[in-house]
Amino acid sequence: MTSTFLGMPHAPRGVGQLRGDEPFPAAAHKALADRQLRRNLGHATATIRGKRARAVAELADWEQLRQAGEAIKAATMARLDEHLLSLEAAVTARGGHVHWARDAVEANRIVTDLVRATGATEVVKVKSMATQEIGLNEALAAAGITAVETDLAELIVQLGHDKPSHILVPAIHRNRTEIRDIFLRHMPGVDPDLTDEPRRLAMAARAHLRAKFLTAKVAVSGANFAVAETGTVTVVESEGNGRMCLTLPDTLITVMGIEKVVPTWTDLEVFLQLLPRSSTGERMNPYTSTWTGVTAGDGPQEFHLVLLDNGRTAVLADSAGRSALHCIRCSACLNVCPVYERTGGHAYGSVYPGPIGAILSPQLTGIEDNASLPYASSLCGACYDVCPVRIDIPSILVHLRGEHVEARERGLLPSAEGLAMAVAAWAMAAPRRFRFAERLLRLGRLLGRSGRIRRLPPPLSAWTAARDLPAPPAQTFRQWWRTRPGDGTR
Amino acid sequence: MRVALFATCLADAMFPHAARATVTLLERLGHDVAFPAAQTCCGQMHINTGYRRQARNLVRHHTDVFEAYDAIVAPSGSCVGSVRHQHTAIARDAGDQRLAARAAQLATRTWELSEFLIDVLGVEDVGAHFPHRVTYHPTCHSLRMLRVGDKPLRLLRAVRGIDLVELPAAEQCCGFGGTFALKNADTSAAMLADKTGHILATGAAVVTAGDASCLMHIGGGLSRLESGVRPLHLAEILAATDRSRP
Amino acid sequence: MSARDEILNRIRTANGPTPAAVPIPRDYATTGAYATGAPELLDLLADRLHDYRAAVHRCTPDELAATLAELTRGWRVAVPEPLTVPGAVPDRPTLSHADLDGVDAVLTGCAAACADTGTIVLDAGAGQGRRALTLIPDRHVCVIHAEQVVQTVPELLRRLDPSRPLTLISGPSATSDIELDRVEGVHGPRTLIVVIVDGGVPAGPIVSTGSRG
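Protein chains in written order, with our numbering: chain A, 1 to 490; chain B, 1001 to 1246; chain C, 2001 to 2213.
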């Protein structure tokens, strides 16, 4: 029996970005009608799928690495309390400060207070899923502190007053021309002759952020990994904005989900192979920074590590769904997902889109707040095949559908679907009732013309909106079987 | 070997030719095929839609019906996928360890058609004749749950007269996904549009696959487009000879 | 109850009193086909670096000084301690961010390199300097000695001391944020020039490239 402990708190409502404004099918309906979005996503995901496949094919031991990655994560979760305590001890011993945050509200308060204590009114930020999840930028803004996103895609999103739509490339829904237009409209001091050549756009971002990097007093980052035995925190990036934020300011505040801890330094040899090849399709990303507490004369002299729960322990409590916590945020599952490729990330409503988002967001918030997400998949299984830590996303999707159905059944009114499913299960559990149902189905022949049905009443009209249905055959298989010579029941 | 046909509820009720072709083919290869008449449904649709409690009785019934046979063959990757990868867990979740053990045993003897032909019977050339241009869609569950790999293609390549053409982006889902096609009908339709586009680009007269469900979806799209491309189950092509055509 | 105790309690409740031990299979490759510094590794490293748009030069220890002089001709070059290069700007006393922004290049050694991935590691040891030094200047000239080159990522990490601030560098800074096409040169040094030194015991000014602090 899978066990969800009642009372394990989920991520609170009203803060952060884990919940959408509308169910997935409604949001997807709008996204599907956006031709530009469809073209941008189709182009970008096809590009990255090819790059990933080539980078992965270079490693003969890829499957062994995946198995090691899966096992390291499972072993870590089984003793998460011990690993977090050793991480805390190691970071503290090296001059860092460790803070614990039960949820988004508490984490935002901790970071805001830390920034306030420095007197700074502006912070530079390294792209971080955890801080987006908790809505840190909005919390800082409410306290009069400006958070400047420094990752190129995050900058595009921030300048365009947009929302991220991909874990790795939050502006994947924008093409080069749209990005140029955003820069021209919203980037102070931008060259009015800016073209849409990607190199020129990257240079514009460099010029825009350079002064901020050189003068910033406080940086906020996430973490890809934190090593429990040594207290070493790791950020994996490409542009050098991470290095700027992690090196130049006086104060560094890192917010990380408690699941990001890994037990040993040696474990990184697995993840630093799995992550870049799965993520950007590179043998290694341009820059990986690691730091352990504070180093005299080198980098920030104040280091704060904020350990965030925000629903993660609720995920951990569900033995059938907890491996969603193993995710290393590579986004390979988004890039291969036929649903994501067509709807984009905004349709998922959460900062975690795509297949991993469809299992992580509902678990972090509780199923009732993201009830449509586990159904936003055809269960084709492409996500499981590419996942570098072998998260069986399709099985967890099915599990969460079960949780949702059972939560609804505990409510007062049975749904029409639930009733239909119950009737079907009853009919199919006995051969005689099944044969009767088949005979009823054959009434469907009345709806058909030249062997096909073109229109059905709701809810089956969803099918016939885009597809025909063959009319039921004149004779079922079992009827044909009985007409065969000899013992028809053999 | 006592071979039982697990026709699947969908093929039984809606696509009897796929199940009939499976019988014809196996008998032509010299096997005695039984059809346990008490069979109904494996419960996959219930499980995948979240109705695992309602699926328990179906899992028990399926196990009762097929347990006596040495090999169980189904013309469906996804139904075999459910038996092999879901039934044990459903029984275990229900707290029925005995049923879980029986389901696990049955799973080891349950085969998708192409697996049965190649892995169990060791045959690639089944003596079929089908002089048409055909393209093959590898259904998601046969590909990624069962890992049938190129087995269906090896069987098709051995068919006399066939003009087998490669389907572009073959491994992308057609958008069926059971109740996904109803719950997320727009997204499903968008996926289907790409799949039918790729099929039409091949110039094939026939699209084939190992699952009647996916073929119902793809065929429904092709029919709506008035394309004239015929969906045929893999079994129907493999059962065809120069005297009997589907 | 403190947040710390509450979160730890939640974890313990979620995991139950006796979480199962999970064995970790480590049958992935840890060593490569070639020994440290083997000529094949240097070729592979050069190829990988080139693939990610780093400029690669190769020379013998005797040729190093001339090679560096040629590469940096006409540039104001910052150097970390204890390097003493004629005409270079030493990072002593510590150069300001603005100073570093004003030099044309920085010249350093490295702690180790990985051929499979084309990765160079700086560990802030002698001849590498603090992290800002190799970050702000627009060009980074990095000298790698053959005996620092290993083949695989596991070999690389096992050579490193995690208590030091580490920077793994694989090519110049880059972004894939526009249509997932890779563009080199964003915030980090836009030009990465690597000099691979091979042939006998290294001599000259760039000797101290190890992890000694």
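Warning: the hint list may mix true and false statements.
Under the rule of at most 20 angstroms between Cα atoms (straight-line distance), these lysine to any residue pairs were calculated in the SDA-like manner [stated by the list, open to error]: (1) A/Lys30 x B/Asp1194; (2) A/Lys51 x B/Gln1172; (3) B/Lys1183 x A/Ala424; (4) A/Lys30 x B/Ile1118; (5) A/Lys30 x B/Ser1227; (6) A/Lys212 x A/Thr121; (7) B/Lys1183 x A/Ala420; (8) A/Lys212 x C/Asp2138; (9) A/Lys212 x C/Arg2190; (10) A/Lys51 x C/His2050.
One-sided and incomplete, this derived list gives chain B residues near chain A with beta-carbon spacing under 10 angstroms [to be verified]: (11) His1046; (12) Ile1047; (13) His1132; (14) Pro1168; (15) Ala1170; (16) Lys1183; (17) Ala1185; (18) Gly1221; (19) Leu1222.
None of these hints come from the bench; they were simulated from the model.
For each residue, glycine too, the CB sits at the ideal point set by N, CA and C.
Taking the hints in turn, this is what the structure says about them:
Between A/Lys30 and B/Asp1194, the direct Cα distance comes to roughly 18 angstroms. Compliance with the 20 angstroms bound is thereby established for this hinted pair. Only pairs whose Cα atoms come within 20 angstroms are accepted, and A/Lys51 paired with B/Gln1172 is accepted, the gap being roughly 17 angstroms. The suggested pairing of B/Lys1183 with A/Ala424 holds, with an alpha-carbon distance near 18 angstroms, which does not exceed 20 angstroms. For the suggested pair A/Lys30 and B/Ile1118, the alpha carbons sit about 46 angstroms apart, so the restraint of at most 20 angstroms is broken.
For the given pair, A/Lys30 sits about 28 angstroms from B/Ser1227 by alpha-carbon distance, which is inconsistent with the 20 angstroms threshold. The straight-line distance between the Cα atoms of A/Lys212 and A/Thr121 is roughly 12 angstroms, inside the 20 angstroms bound, and the hint therefore holds. A threshold of 20 angstroms between alpha carbons decides the hint, and for B/Lys1183 with A/Ala420 the separation of about 14 angstroms falls inside it, so the pair holds. As the CA atoms of A/Lys212 and C/Asp2138 are separated by approximately 16 angstroms, the hinted pair is consistent with the 20 angstroms bound.
A threshold of 20 angstroms between alpha carbons decides the hint, and for A/Lys212 with C/Arg2190 the separation of about 18 angstroms falls inside it, so the pair holds. With a C-alpha separation of about 17 angstroms, the suggested pair A/Lys51 and C/His2050 falls inside the 20 angstroms cut-off, and the hint holds. For B/His1046, the interface hint holds, since its Cβ comes within 10 angstroms of a Cβ in chain A; the closest pair sits about 6 angstroms apart. Here the hint on B/Ile1047 is kept, as its CB sits about 6 angstroms from the closest CB of chain A, short of 10 angstroms.
Checking B/His1132 against chain A by beta carbon gives a least distance of about 20 angstroms; that is not within 10 angstroms, so the hint is violated. At a threshold of 10 angstroms, the smallest CB-CB gap from B/Pro1168 to chain A is about 12 angstroms, leaving the interface hint violated. Proximity of B/Ala1170 to chain A is violated relative to the hint, the smallest CB-CB distance being about 12 angstroms (cut-off 10 angstroms). At its closest, the beta carbon of B/Lys1183 sits 5 angstroms from a beta carbon of chain A; the interface hint therefore holds under the 10 angstroms criterion.
The beta carbon of B/Ala1185 comes within 4 angstroms of a beta carbon in chain A, closer than 10 angstroms, and the hint placing it at the interface holds. Interface restraint check: B/Gly1221 against chain A, minimum CB-CB distance 5 angstroms, threshold 10 angstroms, status holds. Look at B/Leu1222: its Cβ gets to within about 9 angstroms of chain A, closer than 10 angstroms, so that hint holds up.
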